[in-house]
Amino acid sequence: MSNVFASGEEYQIEIAISYFKQIYSLSEADIHRNEAIHKDIPWRPSFYFKQKYSIMAFEISERPFPAIFYTAYASIMTVHQPIIVYSICTDENIKANEVKDLQRHGFGLFTINPDSTVSKFLDGIPLIQHIPEHEFLDECNDLPPKIKGRLREVYEIYKTQPQSGLSEQTALVEEIVNNVTKQMVKKAWLPETALKVTLANKLRQHILPCPNCSSATSSIAGLISFVADYRNMIHHSPKSQKQLYDKIHSCQHGFREGIKRLKLFNADMKQIGITLKAT
Amino acid sequence: MMLDEKKLKHISPDEIQPNPENPRVIFRQEELESLMTSIAKIGIQVPISVYQDNGKYYLLDGERRWRCAKKLNLNKIPALIQEKPTELENLLLMYNIHALREQWDYYTIASKLQRIIELFTKEKKYNPNEIELSEATGLTRGQIRRCQLLLNMPPHYHDLLLEELKLPKSKQKLSEDFFIEMERALKTVINRFPEFKPKIDDIRTTLIEKFREGVISAVTDFRQLAKMATSVQTLGINQDTVIGALHEVFATDNMTNIKDTFKSTVEFEYDEQKARKQLVFLTEYVEEVIQDQHIEQLDNDFMNELKELYIHLKQLFEANA
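The listed protein sequences derive, respectively, from chains A and B.
Taken in order, the first sequence gives residues 9 to 287; the numbers are from my numbering.
Taken in order, the second sequence gives residues 401 to 721; the numbers are from my numbering.
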């Protein structure tokens, strides 16, 4: 039964549902209207449906950021399910500050246009992957400005495409390790051949056993473990629903872990006169 | 008053149905959200009221709390179980609980008022007058009259209005005010010129179309339509002129609007009538001032305005000579 919460809600629900039915080839049975997603989430979306990798939940609202999102946010973050949350409002009700607020929380936005078509205004991501901006900035403290700048670019990708963001982050780690290797070769701590091996081998076979790096073994080992866990994660398809949830959840953990490992690595390298650099 | 413990229960919001007699169909998000935020923080402090019928609970009071509880996915909410009311009691309860507190819109009020009249008539064996309806429902007589205007429209206009009210605010073009103003004006037109009565539905359709297309720009323009209709009696305007003008406004094949037709037909006469009333007042006032010998008390601004009027009056009489 309908639980109308915004003026024009029923009208907008019908337009939006018919749009999503077409886009995702859904039947009426796939659409859950005003039903709870999870008993611990204090929110029944206007409607939701399940996708292969996630649950997409929608709230019809008179403005971009409905108050229920504030109430439900913390619970959605703790429930072990990949839920992507979207607000749907009419095109003329867009307010820049509320859109920014949606983005900051990881919510997405669809608009109903004057000609009754539907457009995606802002991508949402599974909230268990979401890292709030202020937490990202806190975690980046103490890193060299250039690295921080590059991480910022990577974070922008992560905000809408977490798996690509994590992949970009591991590419950045590789770039940094290559540069560190170069500096060590220049100082004659490592042989020239160290430049020609893979990232994992650079770390494991050259940097870790290097006598000049003896005080940095734990941060190097941390970086080795980060590379092993996340370097190729994007290429491995999950084999079960549990693996899928774990993978999605890992994205957030991996991204935070990458920053933490880089910070420790940076501190240890600084001690031995090596500077972390990125282009 | 102490609550009867036996009647206070905690019920799942999913077990509760909305009251079939609650005519309120439109809720504003803002008012629901502020209540919802409070419920999310401190829960439902005042139990809702329900009655039981055929194993189901029906709301008597607390529809907004119930909607918020469902939105917040609450498991149970406190509810006072009351006796099942009669249909008339239930309807009157809806009015007395909700209409005054929540400022219902006219469609909401009107949609159930007709049923109240029917049940009242059946029970008391006579039609209630405005005063009785006002006492029973808590509505003012003005509100009841406005509702009657909506009620007297054919059912398909009710559907049209309801469909419109379901649209997002920004997309709503026809409001209750539109229909109330239009019906009031058309009632005046029909009273003065019954020849339009057989075509009343076509006239409504035309006026709705013209309003939607912006030919008629404001709902208040309908007041000018009523003034045109009454101008034959009040101003002595030629009846054929007025009927011709009304035909123009009611015609589908033109862009004639009310405002321009009013201007070209009767506006001057209405302004003249208004000026005459002011002139009569001024004349009486000046006579009084002279009689009571209060001329010295008139201030300069007033005397200057009178001098200006005197100059204009001279010009007017010379031109008219």
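Because the hints were derived from the structure by calculation, they are not lab data.
Glycine included, every Cβ here is placed at the ideal spot set by N, Cα and C.
Watch out, some of these pointers could steer you wrong.
What the hints assert, rightly or not - Stretch-level coverage of chain B by chain A, calculated; a stretch enters the list once three of its residues show a Cβ under 8 Å from a Cβ in chain A:
| hint | segment |
| --- | --- |
| 1 | 547-555 |
| 2 | 563-576 |
Stated by the list, open to error - Over 10 Å on every C-beta distance to chain B, these chain A residues come out as not near it, computed from the model:
| hint | residue |
| --- | --- |
| 3 | 18 |
| 4 | 38 |
| 5 | 42 |
| 6 | 85 |
| 7 | 88 |
| 8 | 120 |
| 9 | 144 |
| 10 | 199 |
| 11 | 200 |
| 12 | 203 |
| 13 | 230 |
| 14 | 237 |
| 15 | 264 |
| 16 | 272 |
| 17 | 275 |
| 18 | 281 |
Evaluation of the provided hints:
1. 547-555: Since three or more residues must qualify, the claim that chain A covers the segment 547-555 of chain B is violated, with 0 doing so at under 8 Å.
2. 563-576: Held - the segment 563-576 of chain B has 6 residues with a Cβ nearer than 8 Å to chain A, which meets the minimum of three.
3. 18: For residue 18 of chain A, whose nearest Cβ neighbour in chain B is about 6 Å away, the distance does not exceed 10 Å, so it is violated.
4. 38: 21 Å, holds
5. 42: 7 Å, violated
6. 85: 16 Å, holds
7. 88: 17 Å, holds
8. 120: Answer for residue 120 of chain A: violated, closest chain B Cβ roughly 8 Å.
9. 144: Holds: least Cβ distance 28 Å, greater than 10 Å.
10. 199: 63 Å, holds
11. 200: At about 63 Å from chain B, residue 200 of chain A clears the 10 Å cut-off, so the statement holds.
12. 203: Label holds. Min Cβ-Cβ 58 Å, cutoff 10 Å.
13. 230: The claim stands: residue 230 of chain A keeps its Cβ more than 10 Å from every Cβ of chain B (closest is about 41 Å).
14. 237: 36 Å, holds
15. 264: 29 Å, holds
16. 272: 40 Å, holds
17. 275: Given a closest Cβ separation of 43 Å, the condition holds.
18. 281: 55 Å, holds
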